[in-house]
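Peer 1: Listed below, chain by chain, are the residues.
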Amino acid sequence: MTEVAELNYRRVHRAPRELIFECMTTPEHLAQFWGPSGSTTPIDGITVDLRPGGVFETLMISEVDGSQYTMSAVYQDIEPPERLVWRESASGMVTTITFNDLGDGTTEVVTHQANVPAHFRTPAARSGFATSLDRFDAYVAALNAANPHQDA
Amino acid sequence: MPVLEDELSRTLSALADPTRRALLGRLAKADATVNELAEPFALTQQAISRHVHVLEQAGLISRTRVAQSRPCHLEPARLDAVEAWINEQRQMWAERYDRLDRHLERLQSRPAKRERKP
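As you go down the protein sequences, you meet chains L and A in turn. Its first residue numbered 1, the first sequence is counted upward by one per residue in the working numbering. Its first residue numbered 1001, the second sequence is counted upward by one per residue in the working numbering.
I should point out that these hints are in silico values taken from the structure, not numbers from a laboratory. If you're wondering where the values come from, they're calculated on a predicted model, not measured in any experiment. Beta carbons are placed, not taken as given, at the ideal position from N, Cα and C, and that holds for glycine. Just to be clear, a hint being listed does not mean it is correct.
Unchecked claim - Facing chain L, a subset of chain A residues (Cβ under 10 Å, in silico):
1) 1009
2) 1095
3) 1103
This is chain L alone, in the form it adopts within the complex (with noise of 0.2 Å):
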């Protein structure tokens, strides 16, 4: 059987791809913007080893009640400036994120996010699935709106 959720999210961000894979992968500029909001992330809770097999990790501190929450990943692919992939510990979660160099200055950031349970993960499992996250929203919400809620 097939497995799971998919999030396409695409950007174009003014800035060549070399800074924009610079930013994602050096710990003083992730400190900058990693977030979430509401979240610090600070400097020396952030960890880059990066190559294939190597630790990414960061530290988020809420600014609320001070909880804090560490995303530990392995990173899986590295092609700079071009594709950058880690895979999440705890859930399975693989995002990869591809720069395309739109050669007017700008560049376009595909982020692509897609859990696979550990009992899912084998080759016959993985051949089935294609049901992106976008869909499941549409989806989503027209099961919803074909069933609306009973408020008791």
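Use these hints to put chain A onto chain L, whose structure you have.
Peer 2: Frame of chain L; chain A shown alone:
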């Protein structure tokens, strides 16, 4: 924080199958028994039962006993959890890249020769 829980994984896995999505689409219109669900599909009642079991385990449907039958009922709460997770992920990346934009702007508005403290 974006943590993918086991329960959510199970729901997403259940949703990844096109037959099961079709079954949910059918149940979105009205409750139905396994017999009724099997009708439009070229699948045995046994195969439909297996899909129904997966959906039930994933919390996407519930089954009640009415007289001799056990009609399936869509549970939209689990779908809400999926939708919430999708939106959370998208929002997180959107905000992250917003901040990256501002960071890139700052970097590139500096003089060509960057000065760094020793």
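Peer 1: All hints are to be evaluated individually against the structure, with a verdict given for each.
Peer 2: Structure-based check of all given hints:
At its closest, the beta carbon of residue 1009 of chain A sits 5 Å from a beta carbon of chain L; the interface hint therefore holds under the 10 Å criterion. Satisfaction of the interface hint for residue 1095 of chain A is found here, the shortest Cβ-Cβ separation to chain L being roughly 5 Å, below the 10 Å cut-off. Of the supplied interface hints, the one on residue 1103 of chain A holds, with its beta-carbon coming within about 5 Å of a beta-carbon of chain L, less than 10 Å.
Checked against the numbered hints listed earlier, the structure breaks none of them; every hint is satisfied.
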